[in-house]
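Novice: With the hints as a guide, bring both chains together as one complex.
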Amino acid sequence: MLPTPCRIVAIEVDNYRTKTFIFDARLEAAPGQFVMAWLPRFDEKPFSLVNADPVTLMITAVGPFTRLVHELQVGDRLWLRGAFGHGFCAFPEQRRPALVGGGYGVAPLLWLARQQLAEGAQVTVIVGARTQADLLYIDRFERVSDSTSPGALTIRVTTEDGSRGQPGRVLDALTPLIERGEVDGVYACGPHGMLQAVEAVAQRASLPCQCSWEAYMRCAIGICGACEHAGKVLCLDGPVLAAQRSFGASSHCASPL
Amino acid sequence: MAELSTRFLDLTLPTPLVLASGIWGTTVSLLVRAAEEGCGAVTAKSCGPTPRAGHVNPSCLDWGHGLINAIGLANPGAQAEVELLRAAKAKLRPMGVALIASIFAGPPEEFGEVAAIVAQAAPDFIEVNISCPNVHSEFGEPYAGDPDAAAEVTGRVKDAVREAGIAVIVKLAPNVPSIGRIVRAVVAAGADALCVINTMPGMVIDAESGQPILANRSGGLSGPALKPIALKCVYDARKACPETPIIGTGGVTSGVDAVEMLMAGATVVGVGSAIYYRGPSAISLICAELAAWLDAHHIARVEEIQNCAHRERIYSVAPTGAPIPLAH
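Residue numbers (the numbering used here), protein chains in the order written: chain A, 1 to 257; chain B, 1 to 328.
Looking at chain B on its own, in the form it has when it is part of the complex (with noise of 0.2 Å):
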């Protein structure tokens, strides 16, 4: 049985998969199935500064080849998240798989004071949600989107926990017209770590009724329709930083999912609307798969097919690129 533990930052996961953030993410007993499960990391659901009760329904939907959700960032508060964090990561330590801490703002400087107190519940790392509006631009545009405004964030949240040492993920989107760039901002702002992607704005409208049927009106993309995307930004991401741990997330719901993210640059793979598309045992399904795709390939480590897609195939003769003739 091939060997699935993956080194992450300074941890070694059991497994390559992640529970991704804003699934199962709100209590410590769903944490903790997602680990039972098979999850190497879990993060928990996003918190910001203050409690916010989310969207009313419609929040999430199955449009036919993905998903969309607008759930609002609901959320108890970063001081009421710490208690929760607490009870996760004693429960998760003894299993020996991490937890990841998820934190949004509103100004930059808030995002580093959101990091401080989650930073109490000594989480094993920090993933930083940029893709929420900068309150300083005049059309909101997400953090995510500028190389600057990202660096800022991310300055601004290693600065907060570094006396801690928590190692600091910062999650992209991958509406941005060059992801690479904003990788290299990051990680000269001193990210550790890129979570690539976050889900696809989007919007589904009902016909009968002339209107869109998320009470946000739009929402995020997730699910198989996703997975092109995420693989494209995860290829570019490790392009523009070769040396930087990649949690590669969007559309993985199988085995092979999850072996092309990885062979697109991942370090390790999240998952999350593969419980919808799978049903609860989804991750013990995707591991099992993984495990058995690399036996079948005669592959020792899930570690030997990282960045293989960056790996030309090499023949000995060149295409010529001309048309084939058809035979007459």
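Chain A on its own, in the form it takes in the complex (with noise of 0.2 Å):
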């Protein structure tokens, strides 16, 4: 599929880098899988889906590409192509799922939750990041909560400064509800490191655990090999994928819904 120009129709201010993007477009989609967003003859950069319908990107300035991208304004267009990759798969007989998010990495995860609270399921999610001010999409979260029955959505929030929620990193937060055995399967999104320490506790506890792991794509297709991950090609046999475990071996989540 070629870039599609889409338009721009809301911009929300997540925090002092981050701004999420609605567009004027929809795509069948699963969370977890991610679009290519083109800037005509400068870059084209890949994002996970906040959203498919509509079209919603969580974009950090954090280079020349994403501070242009953090210039345009409502009614711009962005060009898109997607959705690529191999998402979340929601297990419904999973009824207390833990999600967990790193830094930027929460931003597939709203989506995901709101799947598995619409299938009945207990839904924890931990939100992690430097300090107060990185925390991404809790407002999002709170708001997903208000609108859900009590207590289907636990919140819980770490930073590495303590200047908000639990002081320390995601894993303290949730290597104790797994130990206390209040999870019956693991989401995971973040930086390499941390998705490691995740799938390192939750083998332990003998748990099922998808994380998607982030990785420049070059070609999105599966066909270059630049975003190379334990043998696999991030770009087509994830960006999510399914933990070793212990009795078997590593696969990719089914196709995406």
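Since the hints were made in silico from the structure, they are not lab data.
Worth double-checking, as some hints may not be accurate.
As the list claims (entries may be wrong) - Calculated pairs, SDA-like style, for lysine to any residue (alpha carbon to alpha carbon, straight line, at most 25 Å): (1) Lys-45/A <-> Leu-73/B; (2) Lys-91/B <-> Lys-45/A; (3) Lys-89/B <-> Lys-45/A; (4) Lys-45/A <-> Val-56/B; (5) Lys-45/A <-> Ala-74/B; (6) Lys-45/A <-> Ser-209/B.
What the hints assert, rightly or not - Okay, the calculated bits of chain B under chain A, using three or more residues with CB under 8 Å as the criterion: (7) 67-77; (8) 199-209; (9) 264-278.
Here a beta-carbon is modelled for each residue, glycine too, at the ideal position from N, C-alpha and C.
Specialist: Here's what the structure looks like:
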């Protein structure tokens, strides 16, 4: 598929360097899948979908491309193609999933939480960041919590400097939940170090675990090999990979919804 | 079940499928994965004299009838490639799968230098990408477009690896007036085998922005659109040099595509864009389809269909060539 110009219909400021852009477009996609966003004759970058209908992207200004996107206004266009890759698959038999987002890794989790809540699951979301200023989407999760049955969504916040929520990292919030047997599945998105730690703690408890791995997607269609991780091409096999289970081989999630 | 093992140069490959260069060849684990999927040989990503970051994105697109890419020869440089090739070779050897190193360079003498470095890893074969621009040509035409330039590069590589005893495969470009002429030139210069063909130059423009989509503006076409072009080039190359082994590459996404490529004159069949069109299991799907086709046609060995298109069907009468009159 070729890049399609999509008009920005709303922009929300999330923190000092992150904005959420809503487009006049919809896609058939699953949480965890990604799109490529193109500024003609400048660059094209991968972004996890925050929502597919309407297409919504969280974009943190960390480089020239994302700073240019931050200058776009409502009515401006960004060229999108996708959705690519394999996303999370929520298993209805999991009644108490934990969703773990580190930094801007929370992007795909809001949508996933909504899907799991709609299935009647009791969801715990753990959102972590370095400081309170870096936290993302807490207010959005709170709005989702307000609109579902009381107690269905529990939000836990961690900051490394302790400026909000539990001092420490997401793992410090996740590990006791797992030890107390309050979780029957783990879904995570964030930096590689965090995901490796989450996988390890989930595996020790024999819990199913799906992680969305960040990578620089070059071809985005599985052929160039630039995004290889553990023998997988993340743009096609992933970005969501199911953790290797002690009894079987690693496998990616089923086809997108 | 039909026998898929195929003689290629001095090796017998377990299957006639070859992972094309630029596809998955960036890491040892992906090369091994392609071998496990059913490749008889795998080609590592092309490397040049020094590391290259490649072009920015977009670098690869599905434009409707095929893919177009301009990755920009991203590679870690020949020296770093040696380590990857060594590690890959160690894992591939027990599987009986051949490792093809792929190289490119600037001036002709540099091809020899890169080949000599890569030869340290003792890959089974070295493939030479001669579609890069001839630095001595005013318009930067690819070496692949000129018989003398193509032969010079071939000779430089042969000289560099003769002592190591590694066979050289020259990868040809489709956009030449007579591929047969290039084939003759590189074989005369010592090419042990050919890879036919590289991608076809092209461009895709986004009407809404009025701009080429690829960051490099133009790129190479692959996938289904390339198949008829590749079949013709392989056919012509086979005619020009009946004895030279050929890796027929271009738009093969199914077992029947592979059958056609072998019939056109390929010895073995390159697979690349198919991984996009058929998914990560493309190679095993194509292998299974190839075997099933041979079984359905009661053909015991895949080698029996090689060059089939060059053996013309004979009828006892000649066609008149006259149009058939309408019956009134």
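Novice: Count the residues of the stretch 264-278 of chain B whose Cβ falls closer than 8 Å to any Cβ of chain A, and tell me whether that reaches three.
Specialist: That given contact holds, which follows from 4 residues of the stretch 264-278 of chain B lying within Cβ reach (below 8 Å) of chain A.
Novice: Regarding the pair Lys-45/A and Val-56/B, is the alpha-carbon distance no greater than 25 Å?
Specialist: Holds, because 9 Å separates the two Cα atoms, which is no more than 25 Å.
Novice: Holds or violated: are the alpha carbons of Lys-45/A and Leu-73/B at most 25 Å from each other?
Specialist: holds (19 Å)
Novice: Checking C-beta pairs, does the stretch 199-209 of chain B have three or more residues closer than 8 Å to chain A?
Specialist: With 4 residues in contact (Cβ-Cβ under 8 Å with chain A), the coverage given for the stretch 199-209 of chain B holds.
Novice: Using a Cβ cutoff of 8 Å, are there at least 3 residues of the stretch 67-77 of chain B near chain A, or does the coverage claim fail?
Specialist: holds (count 4)
Novice: Mind checking the alpha carbons of Lys-45/A and Ser-209/B for me, to see if they're no more than 25 Å apart?
Specialist: It holds: about 17 Å lies between the C-alpha atoms, which stays within 25 Å.
Novice: Is Lys-91/B within 25 Å of Lys-45/A, Cα to Cα?
Specialist: Violated, because 34 Å separates the two Cα atoms, which is more than 25 Å.
Novice: Keeping to a limit of 25 Å between CA atoms, is the pair of Lys-89/B and Lys-45/A held or broken?
Specialist: violated (34 Å)
Novice: Is the straight-line distance between the alpha-carbon of Lys-45/A and that of Ala-74/B 25 Å or less?
Specialist: It holds: about 17 Å lies between the C-alpha atoms, which stays within 25 Å.
Against the hints set out earlier in the document, violations occur for numbers 2 and 3.
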